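Can you build the whole structure from these sequences, using the hints too?
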Amino acid sequence: MGTDVLLEVEDVWLHRPGAEVLRGVNLTVRCGEVHALLGLNGSGKTSLALTLMGAGGYRPERGRILFDGQDITGLSVTERARLGLTLAWQEPARFEGLPTADYLALGMREPSRERIEEALTAVALSPAAYLSRIVNSALSGGERKRIELAAVYAMQPRLAILDEPDSGVDVLCIGDIMALIRRMGSEGTSVLLITHRDEMAGVADTASLICGGAVIDTGTPAEVREYFAQRCRPHGDLLGNQPWGAEAGGTYQRVVAEGVCSE
Amino acid sequence: MNSVLPAGARSSILEQRDPGWARDFEAILRAYEQAGGKPDALQTPRVASAVISGNRVLAVNLVAGVNIEAEELENGVRARIVVAPGTKVDYPVHLCFGMIPSEGLQEIISEFDIGEGAEVGFLAHCTFPNAVDLKHVMDARIHVRRGATMRYSEAHYHGSVGGIEVLPTTHAQIDEAGQLESEFSLVHGRVGRLEIQFEVDVAARGTVELVAKAYGSAGDQIRVDEVVRLNGEGARGLTRTRAAVRDRATSEVYTTAEGNAPGAVGHMDCTEIVRGEAMARNVPVVVVRDDRARVTHEAAIGSVSKKELETLMARGLDEDAAVDIIIRGMLA
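Taken in sequence, the protein lines are chains A and B.
Numbered according to the working numbering, the first sequence terminates at residue 273, and the numbering increases by one at each position without gaps.
Numbered according to the working numbering, the second sequence terminates at residue 334, and the numbering increases by one at each position without gaps.
There are no misleading hints in this set.
Partial pick of chain A residues on the chain B-facing surface, computed with a CB cut under 8 Å:
(1) M63
(2) A65
(3) V87
(4) R92
(5) T96
(6) A103
(7) F105
(8) E106
(9) G107
(10) G117
(11) A161
(12) M165
So the derived list for chain B, only partly shown, Cβ under 7 Å to chain A, looks like this:
(13) K309
(14) E310
(15) E312
(16) T313
(17) M315
(18) A316
(19) R317
(20) G318
(21) D320
(22) G331
(23) M332
(24) A334
I should point out that these hints are in silico values taken from the structure, not numbers from a laboratory.
Fair warning: this is a prediction, and the values are worked out from it, not measured in the lab.
Think of the CB as a built atom: it goes at the ideal place given N, C-alpha and C, for glycine as much as any other residue.
Below, the structure written as structure tokens:
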């Protein structure tokens, strides 16, 4: 793991209709680091991922995002991707008429059959069976999820944001996904691993905890997992896994306001 | 009318024509390739084929059970294609229609008679690579007889100017347990003005699937009118239209499906993508005359999906390239 800072998020605030979803996020990801971002459903994990990628509707009102020292807050998705930042969506898109091999090749600087096959194999998908499969609804959610991860791996980005990479993937493949994340880190790709499962954070070098739209703790995965398991999970039961914000009846705000998380 | 050649024979009279034949044949083959065709197939004895440029029949090749008669008219060609009853044609019949000049009129009047129990596919490519002020009119009659199957795929290439009108009209009759699959595709180059009219009557247990795909830009105009009448018990019909328009292009899709008999099932499915100042319209008409029939429709008109777009942009593609990939995928 390197020590140079690759991504620096400084006091980022984001307002979405009906709620302030990011409230002064500060986060640092170093070169070659696998950094887990843990948080309950609705804590702001995916909103942060989309904000970092520059998705439409996710431009922060305040704060800035630095990538390798460059302020990318105002850059488009394409411009960020060309700097080496990419995102594996929590719920991957479907593409009518686009074969898997072509989909993987899209982000590669020098597309090669070997690299495409290697990427599919890394997510436990047989190249022979999947190269020509169309990335549409004929594939299961779990298959599309693994193809999305393979596409990100094939791209060899400098920073991969993986939003819940294990969701929808069958249990037998979780180990492959965790191995792939480690492999990306060892091959020089920094990973921001977004998850609400503390077990997944076991592959990380560093972990942070997001709660109520703000990062409230950063430390070793063991420390953060312990905090998460002991103090956050019970609140998940209280919240009933609802999205927080105005539409959730303010339950989450009440938890935060009562100071349970900040004790 | 040209002589009907014996099965398996290659046209000899065509090669004895005027010295310009070879030049014209080569030009239309190049254009055919631009439209996505494979020129080798037009010169393979085991593949039935016809090559028509303007009002000239440049080549006809026949195989056992497939007869093609072609007659040159003042502004086009009249063709009658007959597949003998029970014939299973191994390779699709290849048809090449086109015009090399930039201006003019081409009228293709065709009749397809697919004999009882026969199975045949057609790959048609229509190419007008230099069109500036050109009209291409097609008037087709299709008869798929009892238990026969016909698959017809037609791809167009109209060059980059858009100065063309393409007006294909088809009337099809599908007898009991017959099957017709027809696909029209115009996704490369400019469209110009395209008006597809397709009417089909389907008898008991017959099936029809009509697919139309087009990608319009600049001032292109796309109009699709389809009428499917499911007249026999258990008849089934599906129309699937995929159109994308950008700039100031327009796409109008009018589909009618009639369920006129017990157990008839019809479905109309239309997706149109709109960019820029383009306009798309879909008007489905559902008619049911028997309470045991069922006809449904679904339509989606709008821009490309934001998530699809941003996923591709997150791989480094710019917005235009990403939109193009999404649209071409939809039209694939």
